[in-house]
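Given these sequences and hints, build the entire structure.
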Amino acid sequence: MKHLLEICVDSLESALAAQEGGADRLELCGHLLIGGTTPSLGLVRQVLRQVQIPVNVLIRPRFGDFCFTPSEKETTLWEIEQCRALGAGGVVLGALLPDGSLDADFLARCIAASGGGRHTLHRAFDVCRDPFEALEQAVELGFDTILTSGQQARAEQGIDLLARLTEQAAGRIAILAGSGVGPDNLARLADAGVRQFHFSAKRSVPGPMEFRREGVPMGLPVADEYRREYADPDLVRRAKQVLNSLPD
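Residue numbers (my numbering): 1 to 248.
Treat the hints with caution; some may be incorrect.
What the hints assert, rightly or not - No farther apart than 30 Å at their CA atoms in a straight line, the calculated lysine-lysine pairs in the DSS-like style are these:
# : residue 1 : residue 2
1 : LYS2      : LYS240
2 : LYS202    : LYS240
3 : LYS2      : LYS202
Please keep in mind that the hints were generated in silico from the structure rather than gathered at the bench.
As structure tokens, this is what we get:
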């Protein structure tokens with residue numbers, strides 16, 4: 001496969017839509033609105049039973065930074081074991097020390113807990129102190145992929161670092177570009193040497209509620225809780241068509 005398209009999803013509906021659109025792999029999360037957390041085991045079970053493409057599961061115990069407490073680390077290790085036992089082909093994880101370096105000791109425990117499969121270092125990488133050092137650590141730890149925006153808000157803004165990371169990786173680890181990725185910038189990212197791409201392909205639709213008690217938010221007040229976001233198979237299909245048209 002010359003290019004890989006991974007779609008991040010947080011529902012069964014989105015997982016099926018991404019598969020319909022031609023995604024090569026899924027990253028299954030919970031709560032994409034806040035950057036993604038570990039999905040429920042019920043959702044993991046549903047998705048693994050109903051999709052045929054590879055699934056990596058995000059393991060992130062909470063919203064916020066990536067410096068975890070001892071109890072959060074224990075939660076993470078247990079969730080890795082449970083998701084792998086359910087049949088997840090890979091896990092997506094990351095952790096930092098207070099000084100901004102990778103928490104290599106804990107990440108080694110995570111990889112051991114997985115008992116094999118695929119391992120993606122998530123965007124904790126994008127807020128680490130030294131991305132070049134972190135890449136070498138990721139290779140040594142046994143990660144096969146780094147999900148990164150090039151340490152910028154959007155992958156297009158980080159394209160120079162993405163190119164440097166791809167050169168440094170030299171085939172030892174895949175660089176998976178994510179954040180602000182879509183059909184319109186895939187070719188530019190590919191020109192920088194990127195061969196794997198990650199985005200949500202989401203569209204917003206009205207929820208089913210007819211009666212609405214406005215002004216009583218259950219969570220983030222900036223979010224419209226009467227709308228839902230799902231992966232759009234047509235947008236996934238467009239992205240796949242772009243990738244298929246690119247040279248090797």
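Hint-by-hint comparison with the structure:
The straight-line distance between the Cα atoms of LYS2 and LYS240 is roughly 12 Å, inside the 30 Å bound, and the hint therefore holds. For the proposed pair LYS202 and LYS240, the alpha carbon gap of about 15 Å is at most 30 Å, so the pair holds. Restraint check for LYS2 and LYS202: the C-alpha separation of about 24 Å stays at or below 30 Å, so the hint holds.
Consistency with the previously given hints is maintained throughout, with no hint failing.
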